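**Student:** Chain residues, written in single-letter form:
Protein chains: 2
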Amino acid sequence: MADDIKALFFDVFGTLVDWRSSIARETDAILKPRGIAIDAHAFADAWRGEYGPSMEEVRSGRLPFCKLDVLHRHNLERVLPRFGITGLPEDVMVQLNLAWHRLDAWPDVTRGLARLRRKFQIAPVSNGNISLMVALARRNDIHWDAILGAEVAGDYKPKPGVYLAACAAFDLAPAQCMMVAAHPFDLAAAAPLGLRTGYIARPNERGPGKGDNPPTTPVDVTATSAEDLADQLGA
Amino acid sequence: MADDIKALFFDVFGTLVDWRSSIARETDAILKPRGIAIDAHAFADAWRGEYGPSMEEVRSGRLPFCKLDVLHRHNLERVLPRFGITGLPEDVMVQLNLAWHRLDAWPDVTRGLARLRRKFQIAPVSNGNISLMVALARRNDIHWDAILGAEVAGDYKPKPGVYLAACAAFDLAPAQCMMVAAHPFDLAAAAPLGLRTGYIARPNERGPGKGDNPPTTPVDVTATSAEDLADQLGA
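One line per chain: the protein sequences are V and B, in this order. Using the numbering used here, you'd call the opening residue of the first sequence number 1 and step up by one each time. Using the numbering used here, you'd call the opening residue of the second sequence number 1 and step up by one each time.
Just so you know, the hints here were simulated from the structure itself, not pulled from any lab data. Take these hints with a grain of salt, some might be off.
Said to hold, decoys possible - Not everything, but these chain B residues come out facing chain V in the computed CB check (under 7 Å):
#1 I38
#2 F83
#3 I130
#4 N140
#5 H143
#6 D145
#7 A146
#8 I147
#9 A169
#10 D171
Note that the structure is predicted; figures quoted are calculated from it, not measured. Glycine included, each C-beta is placed from N, C-alpha and C at the ideal position.
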């Protein structure tokens, strides 16, 4: 199978980067000096909790496509008052919203992707926007061949067009591409389109022991890390 | 000025890669073994000659956007008979068309861009499609932050939307971006939109001594190579 695959497409939030710890750290770093003390992990969870519903507004056609930074900002404004925070200056709001550009990769990711790139074309197929993906790649020393995903497709996963636009951008048939994610819903959306699927377990994504359950639908590869995926794909 | 600039956008054909020598070499490599001998440089010139007019069909709205590989194929079919070549098998036509994915960079490019990337975000803003840009980057060891340009914008340079889409993808104002090209028309299109401009002279693009004349409109930087550009921008 690995020899037929030409490109690997990666989910990013949760699969490659530890958004929860990073958002909590960034939030504390911004709010504590202003005398604001909150449960930063609960705040990260609440902010992330608005992620799916906000994209659904776009997927359903009720809102035109806008980049994820815009949805994150909208969601931030909804979540802050729940933590008793109001009236932050605009520059602080901008800085806080860009916390999503400062997420750290899981420890296996930089080396694993560098190995995988020797054998495959690699691209993020994330719901994050291009500038966000660029910032995360620079921060975590990832060399993508291209930034694909929601902003290039003009819609959000798991809409089929996002996966198919990525295959088309690389001039590849879906069967020559593998979607890699820690989230079964992502793989379950890609598989019927003909893409291969790779599951990387991230059991601590939403806190210790709080990751997605393994897929209940068949996947082509199940890995414990990006380096394990490289091992299994012969990269 | 250099400290205000956050991103450099590069024209590719001619500015970074020597399309003429490369297309001639690839054409010879494919046709000679089939007993077909032509003036491969004249063939490269003729094929490239169809480039502008074919994009104009899209820019004018007479044709919907399609990627450059498709236009190259269309143009190839127009040009081959002029050299007395007909009836090539489909696999040879595909291989020949993908000659544009196998272009060599000018000797200063790989090192120059590596230096520039330490200080700036860098992306191609080319009329070439994403897969073509990926192939050239891999061949010439270029680490782009993202692939921007025509396919992401859905139109061809010098339409303003292509430059502005690149700025928007990076969340930057035009004044924070520099368009770099060997072609004055490209810089003349970017400058009125607010982008900074960098000219790299490629006096041999269309053969010895046959490059574009230097710009007659003001540019911010005039360089002799990507490494010279890095010197001048302090990278």
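**Student:** All hints are to be evaluated individually against the structure, with a verdict given for each.
**Tutor:** Structure-based check of all given hints:
A cut of 7 Å between beta carbons decides the hint on I38(B): the least distance to chain V is about 27 Å, and the hint is violated. This hint is violated: F83(B) has a C-beta 26 Å from the nearest C-beta of chain V, more than the 7 Å allowed. Against a cut-off of 7 Å between C-beta atoms, the interface hint on I130(B) holds, since the closest Cβ of chain V lies about 4 Å away. Annotation: interface hint on N140(B) violated; nearest CB of chain V at approximately 13 Å, more than 7 Å.
Here the hint on H143(B) is kept, as its CB sits about 6 Å from the closest CB of chain V, short of 7 Å. Look at D145(B): its Cβ gets to within about 5 Å of chain V, closer than 7 Å, so that hint holds up. Because the closest C-beta pair between A146(B) and chain V is about 4 Å apart, less than 7 Å, the hint holds. Evaluation of the I147(B) hint against chain V yields a held restraint, the C-beta minimum of about 4 Å falling below 7 Å.
The beta carbon of A169(B) comes within 4 Å of a beta carbon in chain V, closer than 7 Å, and the hint placing it at the interface holds. Satisfaction of the interface hint for D171(B) is found here, the shortest Cβ-Cβ separation to chain V being roughly 5 Å, below the 7 Å cut-off.
Hints 1, 2 and 4 from the earlier list are contradicted by this structure; the remaining hints agree with it.
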